[in-house]
Structures are given as structure tokens and as C-alpha cells.
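**Q** Residue numbers (numbering that gives the first Met the number 0), protein chains in the order written: chain A, 0 to 800; chain B, 0 to 227.
Simulated from the structure, these hints should not be mistaken for laboratory data. Among the hints, a few may not be true.
Taking lysine-lysine pairs in the BS3-like style, the calculated list, with each CA pair at most 30 angstroms apart, reads [claimed, not checked]:
| id | chain 1 | residue 1 | chain 2 | residue 2 |
| --- | --- | --- | --- | --- |
| 1 | A | K415 | B | K138 |
| 2 | B | K78 | B | K137 |
| 3 | B | K137 | A | K415 |
| 4 | B | K181 | B | K138 |
| 5 | A | K581 | A | K566 |
| 6 | B | K137 | B | K76 |
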Amino acid sequence: MLSSLNQDMRYALRTLRGSPGFVLAAVLALALGIGANSAVFSVVNGVLLTPPPFREPERLVHLSNDFAKAGIRLAPVSMPEYRDHQSLARVFSSVAAYVQGDLTLTGRDTPVRLGATSSTASLFSTLGVTPALGRTFTEAEEVPGRDKVVVLTQKAWRVYFAADPAVLGRSLLLDGESYTVVGVLPPGVAYPADTDLYRPFAPPPEQTTEAQRGERYLSMLGRLKPGVTLEAARQDMTRVMALMVADHPKYGNGGWSIQLRSLEDLVVGDVRGTLWMLLGAVGFVLLVACSSVANLLLARAATRSREVSIRAALGAGRGRLVAQFLTESLLLAAAGGVLGLLLAMWGTDALLTLVGESLPRAAEVKLDRWSLLFTGGMSLLTGLLFGLVPALQSSRADLSAAMRQGAKGTAEGAVKLRSGLVVAQMALALVLLVGAGLFAKSFLALRSVDVGFTPEGVLTGQLSLPATRYKESERQVAFHRELLERIQSLPGVESAGLTNILPLGGRLTRGFEIEGRTKGPGEVWPAVQFRTVSPDYLHTLRATLREGRMLDARDDAAAPGAAIINKSLADFFWPRGDAVGKRLRLGNPAAAWTTVVGVVDDLREWGVDQPARPAMYYALAQFPSADLALAVRAKDSVRASVEAELRAMDRDVPMFAVSPLSRLVDESIGSRRLSALLMGLFAGVSLVLAALGISGVIAYAVAQRTREMGIRMALGAEPGDVLRLVLGQGMRLAGLGVGVGLVLSLGLARLLGSMLYGVTAYDPWTFVGVAALLSGVALFATWLPARRATRVDPIIALRAE
Amino acid sequence: MSEPLMRLRDVEKSYPLAGGRSWVLRRIHLDIQPGEFVTLMGPSGAGKSTLLSILGLLDAEWTGEYWLDGKGVHSLKTKERAELARRTIGFVFQQYHLLDTLTVAENLEVPLSYRDLKRSEREALVGDMLDRFQLVGKKDLFPSQLSGGQQQLVGVARALISNPKVLLADEPTGNLHSGQAKQIMEVFQELNRAGTTVVQVTHSDANAAYGHRIIRLADGWMQPTPAP
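Generate coordinates for the entire structure from the input sequences, incorporating the hints supplied.
**A** Next comes the structure, spelled out in C-alpha cells:
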């Protein structure tokens with residue numbers, strides 16, 4: 000057994016060495032298929048399949064307040080609500096609350112902005128995480144004054160503290176206050192994402208009173224008791240909501256509900272569909288590659304039927320013959336696998352670069368042992384898949400016939416099989432092309448969305464004023480004013496502005512009332528995005544003013560409140576166009592009225608692919624904030640000079656998350672660009688393989704039919720007749736492939752619906768265009784061998800008999 | 000005497016060979032009258048089949064002059080030659096050269112499919128030919144289901160279906176046993192009597208006896224015809 004395997008290997012190597020062209024073609028096709036699959040699998044594995052580093056992560060759920068009628072999803076909870084959930088719910092073994100934020104680490108050469116999550120001490124036990132070094136917080140530290148302790152993530156420990164075990168007990172200056180490091184978490188634990196350190200959530204007592212029930216800013220996580228399903232937990236929360244409505248009737252007419260989502264769903268839910276779809280698509284590429292190699296093997300087997308016959312005549316059983324052929328195909332697959340692995344290493348990096356920040360758990364993506372196992376398994380499977388059929392086919396040769404007349408008997412069966420493979424390749428290529436077409440159209444539709452601002456030429460960055468030194472709003476306002484004056488005087492700068500949240504940056508809704516207007520029973524007002532902006536901010540973004548005026552220097556802290564609203568908000572409440580001059584008041588009845596001084600066209604505040612929502616832009620001087628984003632419109636790169644001005648003003652205020660606004664726009668459609676790009680790539684590869692496949696099969700058929708062509712020409716056929724005959728054969732295969740592919744695509748398109756934008760999954764132009772493209776390519780691929788058929792010399796063809 | 004159907008003057012064919020040329024046919028002067036039954040004979044390599052190919056316009060690589068049915072083949076363009084061949088020539092091969100994947104009836108239809116004929120006309124011609132050669136009962140059979148003689152009969156029928164002026168046959172009975180050969184030769188004789196010019200290549204004196212005239216070739220040269 001071993002010796003025959005050894006012999007098969009040696010013979011296979013020698014045979015393959017003799018056909019370098021064939022080996023190159025086969026290994027390249029396989030490497031492309033296996034490499035692309037391994038790269039996409041490593042992403043799927045890291046993001047979807049690798050369990051997060053928490054104990055029994057399937058028991059973790061995220062709680063949020065939803066208000067479906069107003070389009071509010073995943074809204075945070077308030078402190079009183081958190082307390083209610085904690086005491087009333089029966090399904091959780093523990094719950095935790097947290098708020099994401101930033102702190103600036105100073106006292107070193109350059110200040111560093113760190114992602115700081117303020118959490119209840121229960122966050123760690125809820126996640127099921129024990130520290131790698133030191134300890135986590137205690138409940139006793141959830142009190143102002145005792146809360147100056149931090150737990151570092153492993154990554155922050157390594158990056159900022161050189162993995163120094165003596166970090167425990169060390170004092171850090173964060174936003175000007177001293178904190179003591181008490182623990183370091185194990186590798187991979189950073190929830191929510193972008194957290195570098197945790198500190199105790201210790202709100203001052205006035206922020207925990209019942210009056211704060213409407214102030215929702217806490218994210219909430221729960222660990223289900225063992226055996227409790229998500230459905231059971233949802234039912235329990237419905238009961239809790241009913242109790243809360245009984246205690247606080249205002250919930251009743253509002254339409255608020257408590258939503259539970261598994262942690263997994265929350266983190267990767269948005270990309271799950273796309274990733275599985277891409278894995279499916281790249282699987283199709285591998286099938287096309289396998290068909291190509293099987294086709295090559297079948298063509299080769301046809302030329303080897305005499306060899307097979309002689310071997311059989313000398314006593315080789317069918318099993319031995321199959322083993323011999325399979326050894327060759329497995330060797331090819333192994334070579335393809337090794338090359339594919341190299342491609343996958345490069346491809347995984349390329350994928351991560353492509354998706355940028357938009358992929359959750361991107362840090363988990365690596366070519367680990369599972370990816371290697373996947374690649375190995377894939378190579379073995381493909382070796383069997385494309386090798387077995389040709390091996391069986393070749394080993395079935397009719398001995399005497401093959402010895403007598405060469406490959407003819409085998410050839411007919413092989414041609415049918417090869418034709419079948421070509422039809423399959425065509426069909427799969429069409430499915431991928433339809434997908435690529437739909438995603439490309441979708442992406443183009445997104446690119447042409449009017450986002451309401453001009454991102455090109457705008458540099459953005461985040462800044463955060465340390466709470467210790469910029470506590471008073473006057474100091475914040477003074478800092479903002481001086482910063483903007485300095486930046487605006489820089490050479491090349493056209494204008495600059497500040498905002499609490501940049502466009503596409505997410506949600507911040509505030510409740511409000513309108514002077515002289517009361518909400519009727521059951522009436523639902525839309526959730527309104529709240530932005531606070533400096534006078535030149537909207538001008539810097541080149542937002543379009545529709546009515547009234549922009550904010551300006553007049554709207555300072557001493558002036559009456561002024562705000563701009565967007566068109567969606569104006570149209571909802573004042574469809575007759577009389578919004579300017581109306582007065583609004585945010586949440587608190589004690590707050591002052593603010594006058595609408597202008598209306599701007601909608602800016603996409605949630606995302607390019609999210610419809611514009613009602614939004615209001617308040618004057619920053621009247622609603623100052625310590626955490627802001629800067630937007631600078633300039634002709635040249637001004638990053639260095641902006642940072643220099645900032646340093647000159649306060650060396651402890653770093654600018655972080657610096658990025659051109661156009662990149663933020665690109666990243667907001669990053670996963671769609673990835674889908675379009677990858678599907679395009681997959682479809683392109685499949686198209687080339689399918690074209691080579693049909694060309695190969697037709698060339699082979701032409702070679703087999705040389706005699707027939709000769710006879711036909713002797714009987715009066717002109718080159719045009721022969722050309723039509725061969726093209727007809729090719730186009731019948733292509734037509735069949737296109738037909739099968741269209742049926743498959745119609746079946747699969749349904750799955751793409753939710754991933755598309757501005758194009759339906761059954762877009763007829765895409766289907767027709769793709770079918771025409773594939774047919775055109777097939778026609779060209781067939782025309783090449785067909786042209787050769789017209790050059791058959793009838794005398795030579797007839798003599799060849 | 001009427002104008003010859005085929006007239007060859009100084010027709011030569013050769014291949015370049017290191018240091019010179021290899022001659023296949025030398026200075027062929029030949030007239031074949033309408034209604035003649037001519038036999039080309041000679042040892043292997045004498046050039047018989049090559050001459051037949053040139054006569055049948057399958058081979059265009061030669062020098063000299065050749066008039067077929069009044070047209071100077073030597074000065075015709077490829078397309079015109081093909082058109083002339085379709086109108087005047089019918090070919091019968093030693094190997095029959097039927098298309099394996101087509102039935103008898105479909106094989107007969109092949110030459111018609113390259114002519115501008117309606118489907119109904121094609122079907123009628125095929126029907127006539129099946130009838131004439133008593134192949135009606137075999138029209139749906141594939142070549143592999145026929146005997147050699149039957150296959151060659153189909154080959155002859157196919158050659159005749161477009162009503163050519165001359166039937167060229169290259170060793171038409173080479174693969175047949177004597178009984179079948181006799182049957183085919185009688186068909187040729189009958190066709191010739193009905194007016195079709197026949198040119199055959201054969202090694203068989205018995206077959207040659209069906210014709211009017213024998214042209215002998217050796218090493219590409221036409222041998223002088225012995226006085227009658």
C-alpha cells in the first residue's frame with residue numbers, strides 16, 4: 000500500500016513535471032480559489048465564529064430603549080431605569096451599566112487620548128472576565144471621590160506601558176486628575192470596542208434622582224440566568240415595562256419598549272449577512288476554479304487513454320488507476336493550497352485595509368490555526384472534487400477500443416462532462432456577475448447620494464477639554480473662540496468650525512417642545528438630532544441655506560437663543576415654509592426658548608445610506624461642550640499647523656481621530672464598497688475562468704471534429720458555415736449556462752435585498768446586462784477556436800482518418 | 000467534339016524540400032468530356048488522389064491551367080471556386096466519411112444545407128434520393144448501424160444529391176467486399192449512362208472495366224495511353 004502510494008507520488012511528480020503549462024494553469028486557478036476562500040474565511044472566522052473572550056458569551060444581552068414610531072432604536076437607559084431593570088427583572092444573574100468616553104493621558108512627552116469606559120463594578124462579572132493582573136473595581140468605588148481607579152485593557156497596557164507588571168499602583172494623570180491603576184485585563188477583552196481603560200461609574204447623587212428618569216445616557220448589559228432564553232427574557236422585560244408604566248404613566252402613551260439583543264447580534268449583526276454572503280460568493284469562485292481544473296484534467300486524460308489502456312492491460316485494477324489520477328490531482332491541490340495560503344495572507348491584510356474601521360472585531364481577524372485547517376481541508380476537498388470525476392472517467396476506458404482507436408470512445412463522454420462543467424461555470428459566473436452588478440449599482444447609487452455637504456477639502460479631528468481646567472462654560476467658549484480665530488488665520492484655511500458630532504457621526508437626540516404647540520394624545524413627533532455648532536461650521540461644510548440666516552458672531556452666550564433647523568424638521572412642523580422665527584425649548588421646562596433663525600438643506604447625519612432625519616443646530620456659544628469635533632476647510636494640508644496652534648494654546652489638549660471628511664464618508668459606506676469590490680473581483684476571476692473553460696472545451700471539440708469539418712468543407716461548407724457551426728455549439732453551452740445562472744440568480748437575489756441601496760434585487764437591467772456581457776465573452780471565447788476550425792484543410796482532415 | 004467538361008494544361012504540384020522541390024504532379028494535360036467515365040490508376044504515391052483533389056477543387060495549391068465547365072479555375076477567387084465546386088462536383092470517399100452523429104437522412108441533407116434551399120425543397124430532395132437508392136427504410140439509422148456497402152451507398156447518394164455534373168470517387172470500393180463493390184460500381188455505371196461524368200481512382204482492374212478510359216499515373220507523370 001505504502002510502496003504503491005510512494006510509486007504513485009513519484010510517477011505523479013514526474014508526469015506533472017512534464018507538463019509545466021498545465022501545472023501552472025491548474026495551480027494558479029486553485030491558488031486563486033483557495034486563497035480567496037481562506038482570506039474571506041479568516042475574516043468570517045475572526046468576526047463571526049471566534050467566540051468573544053467572555054464566559055458563556057451566548058448568555059450576554061444588550062438592553063436598550065426603543066421607540067419604534069419615532070425611529071429610535073438602541074437608545075440608552077437612564078439611571079432610574081437601570082435601577083428598575085436591576086430590581087424588577089427576574090431573568091438576569093447580573094446587570095451592568097456603562098458610558099463610553101475619552102480621557103487624555105498627560106504627564107508624558109505627548110498627551111494621548113484614551114478610550115475610557117465608565118462602568119459599574121458589575122461589568123466585569125457580567126462579562127465573566129477576571130483580570131490578568133491585579134483586580135477590577137468594587138461597588139465601594141462607585142462613589143464620587145473614591146472612583147479614581149482604572150483597569151487597563153491588555154492592549155493599552157502593552158502599547159502605553161510597555162507591558163510593565165509594575166504598572167499596578169502607579170498613578171496616571173487623566174484629564175488632569177490622578178487615577179491609580181488597579182488591574183490589567185486579559186488579552187482581547189475590550190468591550191465596548193475602542194476601550195483602553197475602565198473607571199468606576201460614579202455619578203454625583205443629584206444625577207441618580209427620579210427626576211433624571213428622562214436623561215438616557217447609559218448602555219446596559221445583562222447576563223441571562225442559566226437556561227433562560229432570549230425569548231423568555233423578552234417576555235420578562237415586557238412584564239417589567241408594564242410595571243414601569245404603572246409607576247410612571249408617561250411611558251404608556253409614548254410607545255417606548257425595552258429591547259433585548261444578544262451581544263453577538265449587537266456587535267456583528269450589521270456585517271453578518273454581508274460576510275456570509277461574501278463567503279458564499281467566494282465559495283462559488285472555488286467551484287468555478289475546481290471546474291476549470293477538472294476540465295483541464297479531463298482534456299489531459301483524453302490524451303492519456305492509451306497509457307491507461309496499457310496500464311490496465313498490464314494488470315492495473317480500476318482502484319489503482321483512480322489512485323494514480325487522484326495522486327496527481329491532490330498534488331496539484333496541495334501546491335494550489337500552499338500558494339493559496341500566501342495569497343490569503345496578503346489578501347487578509349488587504350481586506351482589513353479595505354474595510355478600515357467599519358468592520359467590528361477586526362482585531363480578531365488573523366490567519367490562525369482554524370484558517371490553516373480550513374485552507375488544508377479546502378485543498379484536500381478541492382483535490383478530491385476536481386480529481387475524482389476525471390479519474391473515474393479515465394479509468395473506465397474501454398480497453399480494446401482505446402488501444403485500437405485512441406481516445407475516441409472516452410472522448411465523447413469526456414466532451415459531455417466537460418460541456419456540463421462549462422455550463423456550471425457559466426451559471427456560477429453569472430450568479431457572481433449579477434451579485435457584482437447589483438452591488439456596483441448599489442455602491443454607485445450611494446456615491447451619488449447628495450449628503451448635503453461637500454466633504455472634499457475638509458480636515459476633521461476630535462478634541463476634548465480636560466474637565467478639571469475647563470469646567471466652566473465660559474472657559475470652554477473662550478477656548479473655542481481663540482482656537483477658531485487662530486486656525487482661520489492660518490495660510491490656506493478658508494474656514495473652520497466646531498460641532499459636537501460630525502456628519503455621519505451618529506445619533507444624539509433630545510426631547511423638545513414647540514412654543515404654542517402641544518402634542519395631541521397618541522401623536523408622535525419624530526426624534527430630532529441635536530447638534531451644537533460654531534457660527535462657521537455649516538458654512539465650512541458648505542451646507543445650503545434655504546431660509547433665514549446662518550448662525551454668526553451675534554449668537555453669543557449673552558444673546559437670545561438661536562438655532563438652525565434642517566429641511567426635514569421644517570417640513571414636518573411648518574410645511575408652509577414659515578419655520579423661521581418659531582421658538583423651541585429643549586427638554587427641561589425651565590430652559591429658555593430658542594428661536595429658529597434659519598433652515599438648511601438636510602445633511603446626512605446618521606450615514607450615507609440612512610435617510611436624512613430631522614435635526615437642529617444650536618449655537619455652540621449658547622450650548623458649550625468640552626468634547627467637540629473640528630472641521631477645517633483648507634486648500635492644502637494644514638494638519639501640522641492646526642496641531643501646532645492647538646499645542647500652543649494648551650499642550651494637554653491633543654487632536655485625535657484626525658481624518659479628512661471625505662474618508663469618513665468613504666468609511667460610512669465601507670462595507671458596501673467592500674461588497675462591491677470583492678464581488679467584482681470574484682465575478683471577474685470567475686468570468687475569466689469560465690471564458691477559458693468554454694474556449695478550452697470548444698477548442699477540444701474542434702480538434703475532435705477536424706474530420707467532420709473536413710467532410711463538411713469537402714461537401715461545400717464555406718468558412719462562414721463552419722464558423723456558425725462551432726459558434727453555435729459554444730453558444731448553446733453559454734445559453735444553457737446563462738439560463739441556469741439566471742434561475743439561480745433569481746433564487747439567490749432575494750438574499751441580497753437588505754444589503755442593497757437604490758437598486759432592487761431583481762433589477763432587470765443588471766440581469767439583462769450581465770447575461771449580455773457573459774454571452775458576449777462566451778462568444779469571443781468560442782470565436783477563437785471557431786476561427787481555427789475554419790482553417791481546417793479538408794484534404795489533411797480527410798487523410799487524418 | 001464538344002467542349003471538354005474538364006481541361007487541364009501543364010498542371011503541376013510540388014512541395015518545397017530541403018535543397019529543391021518534391022514533385023507530386025508533373026505537366027498534366029488532360030481533357031475529360033461530358034458523359035465520360037474515366038479511371039485514374041497507378042501505384043501508391045503516383046499522384047492519383049492528388050489529381051482527384053485538384054479536379055474536385057479541394058486542393059488549390061497547384062500551378063497551370065484548369066477549366067471546369069468552361070470556367071478557368073486557375074483564375075477564380077476562393078469564393079468563386081467554392082461556388083463552382085458546389086454546382087459541379089460530387090465526391091465519394093473510400094472511408095465513406097459519413098458524419099457519425101447524423102442519421103442517414105441527415106447525412107444526405109448536409110450538402111444541401113450549404114445551398115440556398117428551403118427546408119421543404121431539401122426534404123423533397125432527400126426523400127427522392129432515399130427512394131432512388133432504396134434507403135427509405137434506413138433513413139433514421141446512424142452510419143454505425145449500416146454495413147460498409149450500405150454506408151458507401153449513402154456516400155454516393157450524398158454526392159449526387161445536389162445533382163453534380165461530375166462525380167469524383169476516390170477508391171470507392173476500397174473498404175468493401177467484392178459483392179458490395181460490384182453493387183456500387185453498377186450504380187456508377189448507371190449514373191454515367193444517365194449522363195453524369197464519373198472520374199474514379201482505383202487499383203482494381205475490375206472496377207476500371209466499368210469505365211471508358213484509363214489514365215495511368217507514375218511518379219506524378221501521366222503515362223502515354225496505349226493505342227487501342
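**Q** If you check each hint against the structure, which ones fail?
**A** 2 and 6
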